[in-house]
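Chains as they are written, first to last, in the working numbering: chain A, 1 to 380; chain B, 1001 to 1415.
Because the hints were derived from the structure by calculation, they are not lab data. You may find that some hints are simply not true.
Unchecked claim - To give an idea of the interface, some chain A residues facing chain B are shown, with a C-beta separation under 10 Å as derived from the structure:
{"no.": "1", "residue": "E28"}
{"no.": "2", "residue": "R209"}
{"no.": "3", "residue": "G232"}
{"no.": "4", "residue": "Y245"}
{"no.": "5", "residue": "H248"}
{"no.": "6", "residue": "A276"}
{"no.": "7", "residue": "L301"}
{"no.": "8", "residue": "S303"}
{"no.": "9", "residue": "S316"}
{"no.": "10", "residue": "L341"}
{"no.": "11", "residue": "T346"}
By construction, the Cβ of each residue, glycine as well, lies at the ideal position given by its N, Cα and C atoms.
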Amino acid sequence: MQYDDKSRVQKLKKRSVVKPTEARNRVELFRHLPQYEHGTQLPVLQSKFFQLDTLHPAVYKVGLQYLSGDICGGNARCIAMLQAFQEAIRDYSTPPAKTLSRDLTAKISSYVSFLIDCRPLSVSMGNAIRFLKSQIAKIPISLSESEAKATLHSDIERFINEKIILADRVIVKHAVTKIRDGDVLLTYGSSSAVEMILQHAHELGKQFRVVIVDSRPKHEGKLLLRRLVRKGLSCTYTHINAISYIMHEVTRVFLGASSVLSNGTVYSRVGTACVAMVAYGFHIPVLVCCEAYKFHERVQLDSICSNELGDPDSISKVPGREDINHLDGWDKSENLQLLNLIYDATPSDYVSLIITDYGMIPPTSVPVIVREYGRGQLWI
Amino acid sequence: MNTDDSSWWPMGDGGDKIEGSQATARQTAELLRSVISQQRVPYTNQAGALIDAVKAIGEQLIAANPVELAVGNIVRRVLHIIREEDLSLTTAAIGGLNLSAVSDDENDDDRDGDSTLSAAAVAAAARSTLRPPSLQTLLEDTPVSAAVPQTSSSGGDSEGKSKSADKSSRSRKLKHDVIEAVNELIQDIVTCHEQIAEQAVEHIHQNEVILTLGSSRTVLEFLFAAKEKKRSFRVFVAEGAPRYQGHLLAKELVARGLQTTLITDSAVFAMISRVNMVIVGAHAVMANGGVIAPVGMNLVALAAQKHAVPFVVLAGSHKLCPLYPHNPEVLLNELRSPSELLDFGEFSDCMDFGSGSGSPLLHVVNPAFDYVPPKLVSLFITDAGGHNPSYMYRLIADYYSADDLVVQRRATAGN
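All chains should be built: construct the whole structure from the sequences, respecting the hints.
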């Protein structure tokens, strides 16, 4: 949806539960994306809880968790959303004179637009929603309501189990074969798949070191660092500007992804492209770990056409460094814009290998998987 | 004069080392100027005495802060100035020698004495300074300054006060010339920003998008100069963690009315496809054209190369260093405190020395500088104009002498 088209934005504002405030100091290049206005929404939403009778409380809770940033990461968000939908479906009852499939689909769509208002969907969530809707559409009319609900429940359960949990185990199994004794592995930010790989390799007794590269403003690497050190892995922590310094020691780079697109581009946390580029310059293999359900048939060339904008205030303030306050009152100045990108697109030439539950494939094989295993079959 | 005088101690302390190259260079030059003016020079071999004095102080200055290359640069510049002034005086003396041999005036005996006295000395000095460095001179044990033979002493005692007056006037002339040249050097250092900023109009046209990282006063003046000349452009500033100097630069640019967008360092690759030019400052420029810059610059340079965006480095001539970088990431780098990245209190439970080999599992790396190889740099803009990276070695021959690459006072017998 084009957010620079005024008439459409007006229509959206009327329909939405969350009333967006006027965006300040928009970066021109990103006018087509929804501007970040969510900082003010949390108290409003909390007060509206009892008025939102169209919304199931589980979905409402998940939406609030997205808004505040408590749940983040593609897999976590997808699982939380699907479990909320499971509860919603369990509590659902078909109104008279309506078919289950159409009404339920409409309800799910309304839940989804609420979640989008809280935070734009990730690709993993989008694919999961398409799966759910296709399953709902396939329910035969003859099935009774409780049977239909039970079928949907078990479908969602199966999706989570096969596409996420078991897929992660297969990825870990493949990836640990790529880790040798004496390796120095670099990872960026915090990816659930990469964390599992490192923990499993350590349990198998392989001797290796980990370098965790982190960046502003989210500092996700700190959480990963704490969990790995607790498990007993030897870790080095640095920030993204220092990767040219640390890359001399590194033997392999493991990265996570939010999605892999059909032209081989890896769509992932901002900064991944920088890490991949420097690793490529040093001739170090870059391995991307991504479950197959996150693949998408879309193509993208750069990070600007499609992205997500985050909170600009988290850039102007540096937590823990009170002396860095040069930009207080930045929104009053019309010449200054702060840009907080969430994602970026890594070109496929920087990626050596993608490890998925279908095996270890080069980036050029992603459209093959999307096509061969088909949209219907990808999620069964 | 006490060569260990403590006036140079302030340079050894902390302070803002990265952005302070200009201030450091200027203070070094002023200090060396006072050293020269207070140095007593002998009647013969004045240049050698000055060179030794400057080397003695210079060695200590460089050892105090090896990473601040501007100090060593200025020491070598001053040594080069001394040698050059000495050379020009001796060539003038040779020229004067030829003239006096045919001239005919009443100060005959003085002139004769002067000529006989100085002929041997002047010829020897000319030989030693004019002779290009060859393997023989490099392997000679005696320094060049002592190569001037002491033959002058043979004729010296018999002459009168006029000789000593001439010699002292010549030595005063050398010191005077050297101090004048050092003053010019200080002036160059102080005005380097203006001279670089004058070239801004040639490089920035209309509707440009410029990317920079961190904060550099040279870049600031450069962009202001372009704004003065009514060029319209926008600036993306990468904040430059963990010092966040980019915030300062953004604030200054906005105060002057420039459209500025502040981005995080991780977004550099994402944004660089929409950028026309990258303009950055440098901490030091090495002899091969490589750049020592604040950390994160190599990332920007690689991204610029991938997207064919020109990478322009602004550097005053006091930043040009005659050394070739060998393993610069380690040897010309400085590791800063980890507390800038991780809060000690928050992560104190990970610093457990009691596990396994007795060393903690957590290491934090916080380098201050980055090395950008010359192939990633499109253009250097210095106060002497714009240059290719492959040309920088040639500028070194203008500013430095080959004898001064290692600033070390050699212990000599005859000094």
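- Query: Against chain B, is A/L301 within 10 Å by beta-carbon distance?
  - Reply: It holds, given that the least Cβ distance between A/L301 and chain B is near 9 Å, below 10 Å.
- Task: Double-check A/S316 for me: the hint is only fine if its C-beta lies closer than 10 Å to a C-beta in chain B.
- Result: This interface hint holds because 8 Å falls under the 10 Å limit.
- Interface restraint verdict for A/A276 against chain B (beta-carbon cut-off 10 Å): A/A276 check passes; min Cβ-Cβ to chain B is 9 Å, inside 10 Å.
- Message: Using the nearest Cβ pair, does A/Y245 come within less than 10 Å of chain B?
- Response: holds, 5 Å
- Is the hint on A/H248 kept, meaning its closest Cβ partner in chain B is under 10 Å away? For A/H248, the interface hint holds, since the closest Cβ of chain B sits about 7 Å away, which is under 10 Å.
- Minimum beta-carbon distance criterion (10 Å), A/R209 to chain B: Status holds, d = 9 Å.
- Using Cβ atoms only, decide whether A/L341 comes closer than 10 Å to chain B, and label the hint accordingly. holds, 5 Å
- Message: Does the closest beta carbon of chain B sit nearer than 10 Å to the beta carbon of A/T346?
- Response: At about 8 Å, which falls below the 10 Å cut-off, the nearest Cβ of chain B leaves the hint on A/T346 intact, so it holds.
- Message: Restraint: A/S303 near chain B, CB-CB cut 10 Å. Satisfied or not?
- Response: holds, 4 Å
- Task: Classify the hint on A/G232 as holds or violated, based on whether any CB of chain B lies nearer than 10 Å to its CB.
- Result: holds, 7 Å
- Message: Tell me if the interface restraint on A/E28 is satisfied: Cβ within less than 10 Å of some Cβ in chain B.
- Response: Holds, about 9 Å.
Every hint from the earlier list agrees with this structure, and none is contradicted.
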